[in-house]
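J.: Read off the chains here:
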Amino acid sequence: MICNSKTEFLTNLRIALENNNVADRSDILSDFRQHFEDGAAAGESEADVCRKLGDIDEIIKQYISEQSDAASTPTGGAMPDTSGFEAQSGEQPYSQPRYVAPQPQQFTPSAGKIVGILCLDTFVYSWALPALAGIIVGLIGVTISFITTGIISLIGGTAGLFIDISGLISTGFASISLLFFGIMISALGGMLVIASIASVKGFINIIIAIINHHANIFTGHKVLNKIGKKKEAVQ
Amino acid sequence: MQTQLKRGTLELCVLSILRRGDRYGYELVNIISGCMHVTEGTIYPLMKRLKDSGSIDSYIVESQEGPPRKYYKITDGGVAAQKEQETEWRSFSTAVNRLLDGEEQL
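First to last, the sequence lines map onto chains A and B.
Heads up: the first sequence begins at 7 in my numbering, then just goes up one per residue.
Heads up: the second sequence begins at 39 in my numbering, then just goes up one per residue.
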């Protein structure tokens, strides 16, 4: 992977070193940290330093192959590797351990967790979710009525400034009061719209959380991202 | 350039640079990348192996501005290895050049 910042590079390098069990990790990390600092002192941007350092996987492979080389030739004084010329047949002149990409672990759900989730499901589906859905439907209903009332009052109030509407309303509202009433109700309606959207979003996220919780118990990882949240890793 | 070929010659390059004077990592990497196309990150694994095998050593220099720096220096063993490798490289590259230039006829 190619990174864009010092922090990203060093974090990914640390993880890759750990995953591949490379020796002297803290020394290696401090070498690269110093490289970034020297790069910054020389006026290079972190992104440039990252780009020139190259792919972390490549660096890790190199550490692994150097490690095995050092083990096979203790003096380390290998001559320039002209064997590359002789390897016309395409076979590797020396064997090196393959780079190991992190593997997802085998997962088996535990019985206790399954019983737990069944109890939780009973509660959630028979009571919590319907109640929550009821509240949200109610909220949306109130919102719609507020918006409608507000808009009608605004229209009526505005119209009343120009024509006689005293025959249409029996409450004795002056049209100017009706106009302000309309503004107030519309504003409240607007806030309710925001509240409704937020609650619907929240409701969807609750559903997603429930699905993810189930997925986590049965497969060991999440399946969905919550809406409104960026880049939460779905594995 | 073939990775195998570069891999082998990089070690000679690093040892030769360090024979002329001590360098810190960033400096060394830049000297090499100024002369040939290398993925800079792969020089550090090489440095680690050279250090583990005793061809080079490192020491820390405190600096006024910024954190202490790690310098690399060549050891006696490293100098011997460099000489041996340089001789091998020169005779090898001469041979290759002769072949490339079509001078192999006796």
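Please note that the accuracy of each hint is not assured.
27 Å max Cα-Cα, derived BS3-like pairs, lysine-lysine [as the list claims (entries may be wrong)]: (1) B:89 - A:12; (2) A:207 - A:232; (3) A:12 - B:121.
Just so you know, these hints were derived from the structure itself, not from any lab.
J.: Hints broken by the structure, by number, lowest first?
T.: Hint 3 is the one this structure does not satisfy, whereas the remaining hints hold.
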